[in-house]
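Here's the letter readout for the chains.
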Amino acid sequence: MSRRLLYLLPLLTLALMAGFFAWSLLIGRDPAAIGSVVVGRPAPPLNIPALQEGQAPLTDALFKSGKPVLVNFFASWCAPCLAEHPLFMRLKEREGAIVIGIAWKNKRDEALAWLKRLGNPFQTAGLDLEGKAGLDWGLSGVPETYAVDGNGIVRLHFRGPLIERDLTDSVIPFLKGNTP
Amino acid sequence: MLELVLALLSAATVGVLLIPLLGSRFDAKSRFEGELGIYRDQLAEIERERTNGILAESEAAAARTEVERRILAAADQAAAVPSSKPPSTLHKVLPPGLALAVPLLALGLYLQLGHPGLPSAPFARGSAPAEEPHMDIARLVVEARARATEHPDDPEAQAALGEALTLEADGTVTQPALEAFNKALQRNPGDPRTLYYLGLHQAQSGDSAAALARWRDLLTKYPDAPFAPGLRAEIERVARAAGVDPGLPPAPTGPSREQQDTMAKLSPAERQQAIRGMVEGLAERLKENPQDRAGWLRLANAWKVLGENANAVDAYVHADSLAPVDARQLADWAEAYVRQLKPGDPPPPAAVAVLERLEKAEPRNGLALFYLGAASFASGDKQAAARRWKALLSRLPPDAPIREMLEQRIKEAEAK
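So the protein lines, in turn, are chains A and B. With this note's numbering as the guide, the letters of the first sequence map in order to residues 1 to 180. With this note's numbering as the guide, the letters of the second sequence map in order to residues 1001 to 1416.
Watch out, some of these pointers could steer you wrong.
Pairs of lysine to any residue residues, derived as SDA-like cross-links and limited to a Cα-Cα distance of at most 25 Å, are as follows [claimed, not checked]: (1) B:Lys-1360 <-> B:Arg-1395; (2) A:Lys-105 <-> B:Glu-1179; (3) A:Lys-116 <-> B:Asp-1170; (4) B:Lys-1411 <-> B:Leu-1393; (5) A:Lys-92 <-> B:Glu-1179.
Calculated from the structure, these hints are not laboratory results. What you are looking at is a predicted structure, and each value in this text was computed from that prediction instead of being measured.
Using the sequences and the hints given, assemble the complete structure.
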């Protein structure tokens, strides 16, 4: 008899898995939210060459100015980066934000041409051709944006392109000094 | 054709499955009987060899005992297997039933969800160039940039450059495009194209509220423009993304889906008749509700398309009395007037009034220049006629067919 019950095991497993999947789907969790290891900690070390040849390399000193800084990893081959680009132009021009751009796994010439074509929202831009800085920052892809406060602590981390709601709900309050 | 092949394949597969299922099946009993046959043969063999003297008596007895022992073991085994009872009906029916049900179910689903009548799309057509010539955006940008550099003060050239740069960036209004549009706006503050793209830039840079306000203004100003449906869709899209109410004015009612379908089935003459009937219906409704300015403009356009220019003029007069019409509508209105003229006739005073308004709105409008010239000529103001016609002549392409006639008339105007 116990042999027979054993045959029910696959069915039971299936029911369990289906139940788990249904629960995961219906709980209303954002499947894109995978958390971030850097939020609440000092900004990871940064030491990369400047995108514009002949300019000083980008280092941690950028986060010690006492002002909040946005760090945006982008690439010219990335379509969502194009979609969020006007938002950074606006942040720079209307909110006076300091935005640091990092061209991730992107050839220097292509990234520069991209910025020339679209407009350059970055105060300084660096080149992370090998993606090593991306590893330090816990990057999963581009575009991703980090908000670093005046003390060099990462406060916000956006995976994926920024949208209007991110700006009004988090980024602009953050720049105004209201750390969420 | 493909359907037939697939049906044959399915039928063959099901057939292969069904043949053994419907045939007789082994059970323990028949197996035991088969074994028994073998042992019977072996016993006969031993007996034969004993009589022929190949086997000794004692050896034959040992071999016989061995075979008998095996027979007993096989009988025990057959008795131990419980399935000696005949298989139940369920076991008999279920496998062939399933083998038939799966393809039948698939067929039913396909008829429900699929489109058996859909023509196939051959690979050759997919890889062939599209019917429309492919727009070479890079060339478009180069040309637009050249024109904008050549005419830095022409709002049209600047707006075209902005549009080209936006197309180049897959629909993102880039910083250089924005600069071009701002230049265009300075020279021509009401240009709908510039206003649309500036709104798009606002939407893309996270200011949906400003974009929506700008676009709603634009839509209120041009409720019947050809771009109005597209603009509506854009307003709805941006409003949905921002999670706000689009606040759209109600759309002008066009023919319904069913009406369009019926129209498509009619012969050209019948269709013309049906269109005329609809336009007359609109005219009737407007008689009852004469305050509907958009309705009058729609009616004017419909009459003009049908060639009823006098009716079109009448509808434009109604629309204009509610609120002055814009330059594009003035041009249509004036055209409806002059289409009623015999060649060479000067336009009547009412038409001259409309043409003068058109000339004021668009000083370089060819229609206004030509017919106001004719009116000036008829009223004796030859100088004004020659000035207008010369202005028109300078704007005509070198191979325009009316050039010769125009030069002739300028000569006449200057001679007397």
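The hints, checked one at a time:
1. B:Lys-1360 <-> B:Arg-1395: Holds. Lys-1360 of chain B to Arg-1395 of chain B sits at ~17 Å (cutoff 25 Å).
2. A:Lys-105 <-> B:Glu-1179: 30 Å, violated
3. A:Lys-116 <-> B:Asp-1170: Holds - the C-alpha atoms of Asp-1170 of chain B and Lys-116 of chain A are around 16 Å apart, at most 25 Å.
4. B:Lys-1411 <-> B:Leu-1393: This hinted pair holds, its Cα atoms lying about 12 Å apart.
5. A:Lys-92 <-> B:Glu-1179: 16 Å, holds
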